[in-house]
Structures are given as C-alpha cells and as structure tokens.
Amino acid sequence: MVITALLLAPLLLSDFRLGLLGRFLAYAILALGLDLIWGYTGILSLGHGVYFGLGAYCAAMYLKLEATGGKLPEFMGYSGIEQLPFFWQPFRFAWLAFPLAMIVPAALAAMLGYFAFRSRIKGVFFSILSQALALVMVTLFLSQIGLIGGTNGITNFKTIFGHDINDSATQRAFYFLTVATLALTYVLCRWLVHGRFGKLLLAIRDAENRVRFTGYDPVGFKVFVYAISAALAGLAGVLFVLQVGLITPTEMDVPHSIRMVLWVALGGRATLIGPILGTLLVNFGENALSESYPAMWSLMMGVAFLACILFMPRGLMGLVNDANRWIKNRRERSSSTRIAEKSVTSHATTETIENSVV
Amino acid sequence: MNSGALASNLFNALSLGSILLLIALGLAITFGLMRVINMAHGEFIMAGAYATYVTQNFFQSKFPNFIGWYLIASIPFAFCVAALLGWLLEATVIRRLYGRPLDTLLATWGVSLILQQLARTIFGSLGVNVQSPAWLGGNWKLGESLVVPHERVFIMAVALGCLAGMGIFLYYSQVGRRIQAVMQNRDMASCLGISTRKVDALAFSVGSGLAGIAGCALTMLSSIDSNVGTKYIIDSFMVVVLGGVGSLAGAVAGALGMGVLNTVWEYETTASLGRVLTFVCVILFLQWKPQGLVATRSRALD
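Here the protein sequences come in this chain order: A and B.
Counting from 1, one number per residue, gives the positions in the first sequence under our numbering.
Counting from 1, one number per residue, gives the positions in the second sequence under our numbering.
Please keep in mind that the hints were generated in silico from the structure rather than gathered at the bench.
Don't take each hint at face value.
To be verified - Some chain A residues judged to face chain B by a derived CB distance under 10 Å, without partners named:
(1) L46
(2) V124
(3) F125
(4) L133
(5) A265
Unchecked claim - These stretches of chain B come out as covered by chain A in the derived footprint (C-beta under 8 Å, 3 or more residues):
(6) 95-105
(7) 269-277
Beta carbons are placed, not taken as given, at the ideal position from N, Cα and C, and that holds for glycine.
The following block holds chain B by itself, in its conformation from the complex (with noise of 0.2 Å):
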C-alpha cells in the first residue's frame, strides 16, 4: 500500500466506521440496557430516512426559499419519529417480554416485517430519492488519489456530534446516570428509587431516536427504499458483539474495528472474500476476549 492508497483507505474505513457508530450508538444503549436485540432497529433507520425524504417534499412545497436548510430540519424530526416508533414499541413488546431476550429479538423481528411493508404501502417499492442540499454537493481534493466528498464529512460530522451529545447525556445529565445506575445494577438502581420502568422506556426511545438520525444520514449515500436498514444491521450487531456492551466507548472502539476489518480486507481482497475475512476476524477475536474490546467489569455469572 502507498501512502495515496493508505490515505484513502483510511478515510474509507473512517467513512464506514461513522456509519456504522451512528447505527451502533443506538444499539448501544437499547442492548446494553435491556439486553435485548431490537431487530427493528434498522426499520428504524427507514422510518428516519424516510422522515427526512418527507422534510425535503414540506420545504420544497412551503419553504423554496430555505431548500437547503431541510437537512438541518430533518436531523431533530427523524429523531422524534423513531424516538416515537420506539416508544411505542417499548411499551407494547419489549416491556412483555422482559428476561427473554431470544424472544424479543423475533418478536422485534415480525415488527420489522410489518414495518417495512407499511413503509412500502405507503412510500410504494420504488426507491425514493433525496437532493443533498447544494452546500453538501462538492468535494475537496487532498492529494492524488484522496477525494473528500462533503456528505462524507457531513456524516461524520453527525456522527462525532451524537457522540459527543450521547456522552454528556448519559454521563453528565442525571437522567443518563439513572440510565447508568440501571445499566450497571438494575435491582439496586430499583432499591434506591429508580424508576426502572421509566428509565427502560426513555433509554430506548433515545436509542431508537438515534437510529433516526442514522436514518437521515443514510440518505445522503443512497436511495430510500424499504430495506434501507437491513444494509448495515448486521454489521451494526457485529459492531456491538466486537466493541463490548454497555459503554460508549466500546461503541466506538467496535465501529471502528469493523470499519478498518472491512475496509482492508475488501483491499486486499474482494468485497465478498473480505466480509468473509471480517467474519472470521471477529470470531477469532472474540476467542481472546469474549466480551468484547471494552468489557464492563462484572462478578455476575450471566
């Protein structure tokens, strides 16, 4: 590798890593609180997505004139709708099936196949496109081979931001400590007067909100259709598998694994060997540490 393919690699698995921490923060918290896969997680980066298509269509039709301020506007409703369908979602299902996280995951499962077709119903198959507002159009050229494109940036940009915003609210806010205190120990947070009931519930709307954000990112990469999630999620579970439950930082450390593991291996390789080679990595690893690259301590058991 030469210092120009070097580079670009870099920023490729940068790229890729971003995408996939913007999914994987999310997952972060709704599976390090509840332990419980949410496999409508990517249904909910769709309904963000989609939440932002239908942003774009209101400025169009009311607001010409600020066109190109609609993906600001998208970030906080993509937000709120998935934090909504998570609610919602919290309170009918998951809350059933509280201690059978295998249960949850198919119950999730069958949610996301609803949600899908309900998206298709009424966004119709066909994929829907976003215009990128013009201010994200271009690219800076740094070096030979490295092009820069501003959406790229942009996603990163998001990216390090809901960092940032998930750090200080889940370690500085006291609804993110309480979110912690059950994290670490749900009964005794119970014994001290936490609602955990309450927690769970906020937790996960702010993890599945999050998706929505992820949502609206995505949609500067590729077109909107019904599977939109299904792309990453699985890399995006991986991230959670490689990184570690429960903190940010293994959020990051795993997305970041994933995104150099993928990046070079595709290199090296084909698209298809190198997520064969990923797979394989990230087996082994997890021989040397199962817990993942940042392990919460923990005397539990299970």
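Only chain A is shown next, with the shape it has when bound in the complex (with noise of 0.2 Å):
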C-alpha cells in the first residue's frame, strides 16, 4: 500500500512537493542504517552526516567532471590549483564514483569502529568521537577551497549520463530510483535483522558482555554493521546530490548529525518502519514551519527531542503497537466474555480441588 502511494506520489504532487518527498525519502535510507546500528545494535553514531556527506561529495565531484567536461571545476582556478588533484582522478568515471561513494564512507566507518570498538570504546564514548569525527571532517572540509569547493561546496551540474539533471523527467527517474533504492534497502535491513544475525546485533546491545562470553567476538559483527549503516549513509548522499544539485560542508555538521538520530527516535528506534516515519514526518514539519517561522522550529525540534526520549522512547512505532495490543485484547476480552462465564462453574470446582488440597 505504502509502496503504491509513492509510487502514484509523481501524478499527485507538483515537481516541487515531489523533490522534498525525494529528498526525505533519500534521508530514510540513511535513518534505516542509523537504526540498524543504533536501534538494534546499541551504538550511537553522532557523525553520521560524515558519511551521508561523503557519499554525496563523491557523487557530486563525478557530476562537476561531467559537467565541465573533465577540465578543471572553476574554484579550483580562484584558487589557483592548475591540475586536477589525484583524488579527483577516480572520480572521471560513473563506474568508480558511485561504488566509491558507498565504499569510501564503509572504509573510514569501519577504520573508526574497528580502532574503537577493538579497545571496547563504548557507549557515549564512542558517541563523543563520532562527535568529534563529524567537527573534525566538516572543519577540514571547510577549509579546503580549493580542493573542494569549501563552504560553497559542490554545485551546477549539467547533466548526468547525457541527460539534464535539471529536467522534470530526469528527476522523475531519480524520485523513482530513490523510492526502489529505499525499498531494497528495507528488504535488506529486514533481512539482516531477522534472523541470526539480528538476533545476535540484539544481544550485543542488549548484553554485550555475555555475547563475549558465549563465544562471540563482538568487535567483528559491530564493525561490519557500522560499516553497512555508513556505506547506507553514502548512498542515501548520492540519491540527495542526484536530486538536490548540491552539497555543501552544512549536510555534514553536528547538529544535522545529531537530528538524524531525532527521526529515528522519533519513528521508533529498532523497528523498520518506525526510522522512515519519523524522517518523513520530521522533515515534512520542519519544511512547514521554518518556512513561516524558523525560530519556532528550533524550539520545536528540542521540545520534541525531550518529549520523545522522556515519555515516548519506543517513538511513533511503539504507540501504534500499544493501540495494536488494546485492540486485540479488548477483542479477544469480548469475545471471551461468554466463554469465560461458561468456565465460571468448572473454575469454582478447581477452586474448591484446590481450597481440599492446602
């Protein structure tokens, strides 16, 4: 039903409405990774911007190629930079950058994971150096100009493939690549978190030293996990640049790091559904109200951190399974109304064997 509706999105919304419904759907795909490593695994990444940016900057740095037609992006000549700096050189083709944007964002998240949680860094201490990672990586990007384009970031692509990004139809193909994109990254969260491996990300959230103590070497599990939810995080960057145009050092700073983790409390931290709910909705809202009033959303954005932590941890989810539960119960309660006065007799006949027995 879900899939339909956004499937029919393109015929209902104007182009515009249907890039922000692209743009939050991009963002889903990267709090369904947030939530496999947080919700389910018990790790809170605060740098994950670092990935969703690295993802895009590798997308974007292979449409400015195409767009100046392999010769030098323009900032690099205020800068005075005459060649193309080597990193770059990957970036010349489609087949490179865009593997490259999934796997340069998993390298640097499994070299952290792997350096952090082989010293059992854990808890808000790792919390505090993915922190610190994203300050880091956004200061360093900041200040690269010349390399790569600095505050201003990347920007004014051509086309992609031959055709203009620009165009209405291209974007609708990038809309509907982003709803499939989010779709098999849903079958593939699924897949990953029902079974054994799911179960045993729960238990080392859960109790990580009994994990160890069973067998496991937990460091393992945990750095691939971190690494999927990053090389997700990138991907989620290419769809955003694909659809936005643009990608600047802003995408990947703290606070945005941070409000990340708020959809994804939001919806319900270790369901599926919950993280692309509460992108959607938080996104959705954030659009409405900073709109008319942007320092109302900021107010917003911390009221709703604090109620949902405080009194609704489960999120948006855990509601909806609550009033699943009433439901069935009054219904069966219903419905078992008359049988349970039917057992009334052969109750009291147990009572009484009972009551003989003391």
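Starting from the two chains in their separate frames, assemble the complex, guided by the hints.
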C-alpha cells in the first residue's frame, strides 16, 4: 500500500513537492542505516552526517567533472590550482565514482569502528568520538576551498549520462530510483535483523559481555554493521545530490548529524518502519514550520527530542504497537466473555479442589 | 621550532588547555559521577557568559564607579545561574533517565536546543560584547615573540583557582567525600546511608556551576551569542575521553594533552588539518590506554 502511494505520488504532487519527498526518502535510507546500529546494536553515532556527506561528495565530484567535461572545476581555478588533484582522478568515471560513494564512507566507518570497538570504547564514549569525527571532517572540508569547494560545496551540475539533470523527467527518474533504493534497503535491513545476525545484534545491544562469554567476538560484528550503516548513509548522500544538485559541508555538521538521530528516535528505534516514518514526519514538519517560523522550529526540535526520549522512548511505532495490542486485547476480551461466563462453574470446582488440597 | 616559537606555542597550549580545563572540570564531575554526557553543558557556559553580560550592564547603570569590579562580582553570579539551571535539569530530566546514558545524551541535546532558542529570544541573535575591565586590558611583553595578554593570564588563574577549589571541595569537605564515595561505588555508598539522590543533585549543580564560570571567562575572548558554548564543547568532551573519567588529575592531564596536541599540530600544519591530526592522535592513544590517561582502577566489567 505504502509502495503504491509512493509510486503514485508523481501524479499527485507538484514537481517541487515531489523533489522534497524524494529528498526525504533519500534521508530515510540513511535513517534505516542509523537504526541498524543504534536501534538494533545500541551504538549511538552522532557523526552519520559525515558518511552521508562523503557519499554525496563522491557523486558530486563525478557530476562536476561531467559538467566541466573533465576540465578543472571553476573553484579550483580561483584558488590557483592548475592540475586536477589526485583524489579527483577516480571520479572521472561513473563506474568508479558511484561504488566509491559507498566504499569511502564504509571504509572510514570500518576504520573508526575497528579502532574504537577493539579497545572496547562503547556507549557515550563512542558517541563522543563519532561527534568529534563530524566536527573534524566539517572543519577540514570547510577549509579546503580550492580542492573541494569549501563553504560553497560543489554545485552547478549539468548532465548525467547525457541527460539534463534539472529536467523534470530526469528528476522523476531519480525519484523512482530513490523509492526503489529505499525498498531494497528496507528488504536488506529486514533480512539482516530477522535471523541469527539480527539476534546477535540485539544481544550485543543488551548484554555485550554475555555475548563475549558465549564465544562470539562482538568486534567484528559491530565493525561490520557500522560499515554497512555508513555505506547506506553514503548511498543516501548520492541520491540526495542527484535530486538537490548541491552538497555543502553543512550537511555533515554535528547538529545535522544529531537531527538524524531524532528521525529514528521519533519514528521508533529497533523497528524498520519507524525510522522511515520519523524521517518523513520531521522533515515535512521542518519544511512547513521553518518557512514561516524559523525560530519556532528550533524550539520545537528541542521539545520534540525531550518529549520523545522522556515520554515515548519507543517512538511512534511504540504507540502504534501499544494501540494494536490494546485493540486486540479488547476484542479478545469481548469475544471471550461468554466463554469465561461458562467456565465459571468449572473454575469454581478447581478452586474447591485446590482448597481441599491445601 | 626556535626558542621564541617554542615559548609562544607553549603559552598558547597552556592558554587553550586552561579554557578546556575550566569546561572539562564541570564535565568531569557530572560525567564522572553519573556517567551521563550532558550535551547542555555548552549552554550552561552560554548562560554563564550572558550572566556576566547582565552583571556588566547592571554595574554600568547602578554602580558606574565600581565598573572595574564587575568581573569579580560576575563569577559567583555566573556560577549560581548555571548551577540553578543544572539543578533544574537534573531534577526534571536526568533523574528520570537514570541508567540510560545514551538517552540522557539525546534528551540534554534537546534541552540545549531549547536553551539556545531562549537565549536568542531574550538577548537577540546578534552577539553582545563584554568589555574587559581596564586592569585586564594590557599585556606583558616577554621576549621577542611572546606577548602575554592579561586576559589570558586571568583565565589561567581562574582555571587554577577552580581546580584548587574543586580539589579542596572533593577531597577534603564532607560533601565532597560523599560525592567521591558515590562515584566509586554507588550501591555501597547508598548502603552506608548516603542519599545518592541528594549527592547526584548537588554534584550536578556544582558541575554545571563550573560551566558558568567557564562562560564568564570566555566573555574575554570573543563576543557572546547563543553558540558560544558549542565552540569548545566537543573538544572538552574529548578532554574527558582522553583524560579518563572520575578524577581531577585526569581532567588536568586531558586538558593539557588536548591543548598541546592542538597547538603543536596547528603550528606544524594548518588549523583544520591540525584538528584532524589531533583527532587521529587521540584515537591512536586510546588503543594504548582505552580508559584514558588517568584510569580509575575498577574490577567491574562495565
């Protein structure tokens, strides 16, 4: 049903709204990845914007080189760089650039994860490190004006595989691509969390030492799932750049990275529908409110964060589950009242027997 | 590095280290005691900075003759404002999230967003300036390349004063010893009749109050806006990670370590690349000592 609605959306929404929805669906891919490590494995990463940004930059570098026809991008010229820097070279080829958009974030995550998890840094300590990573990367990207565009980021793309990137047909194709990718990601995550691997992730979240005592080494699993999550964030970044046509270091910044956690928290961690729901809800809310009351939005975010953590730690999906259970219980109770009345007599007999035993 | 550069680098490292120490002292207590990261710590710094600004305005309008002394008066005021905020935060939010450190982190992040917005509503989104008193305006020229502004020396003095104060408070006063007892073994302390709830509330307010003093000191370095706390806060968290949790020595070691690393790398490379290298150094260091420079010995598994 949801899939049909998403597939029908291009018929109902204006190009602008469709662009927004597409962008938020790309975010939802990242949210699923974040949920894998936070909701299921209990590792809170406050630097997922970095992986998103790296993926986005990889795609942006390819698109930029296609736009300039392999020549130097204009911002390099301003800074007096005369030759294409070595790390731009792979991005002349699509077959290298797009896989790299997932490999680079995954590799960075695996490296940080390996060093952190093997020395058993966990909980808030890891969160601090991931946050510091975001800060460090943003500072680095901001300062490199000549190499990767600095504050302005990379923008002004023209074509992709010969099609005009701003054409509404191309954008529609990107929208469908995003929906398909999200669906695939959902299936992948579902496959990962249902089954032995998923059970192990939950076990690491709830009692890591016990997992260790049972003979598993959690380090490998944690690094693996962290890298997967980063790769998904990179993928989301690619889809973001295709639809927005711009990537700046702001997208990697610490506040933005923590905002991503709210999407998951509000929707419901350790569920797979929740993060998607939360992402769409928060972003559309932000879009509606921040246009008219930018100040209100920041306050609302804070209140939402606080209320969500304090009063509904399981998020919206937790509420939905509770409601479902309540309805089910009521239905069962009303249908079982008659049976219960009949069984009163038999119940009474058991009671007398019990009494006599005592 | 010649001797002049060495001296100025050393001074910069000490100066940065003392700022980080001021902020991390508060964190060392709140984090050391309750194992929660208070993301709103940066906003307590902001509250202290604005408290200094308010004191300055108050002195300007009521006691223009004593304007030089406003900074001294603002230190206890900033402490009280931030401590009150901390007490409120502990009573309303943190107490409810006991045993869920990651959730506390996120909830306090929400609080920090709210406080920032409040500050923007009250004081406007443009930065406000605090004039350093005249007696802090000058500087000492020590040698060729080393100019020591009085403001920086004052910040170092405040940091040292706070460190000494905390040392006496934690290790010699009765309340401080209770805090230590709860830090070391919460269950046992509770069995021996210490009200861990009261200790939590008290320690959290004291830690937050120190953030207020840090804010007061930061007014001398830059203008104050709602983001003044966020500038140093992540580095201060790194100080706690690098230094180790639960002791003042750890906070000092971590602050000096971060100060030296940042300054040296920045001198050798660029400001941004320096931060990357500092981060890499901290990660590599944690491979060797995962619990930080000064680790508290414990047989507990978690």
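(request) Return the numbers of the hints above that this structure violates; sort them in rising order. (result) Violated hints: none at all, because every hint is consistent with the structure.
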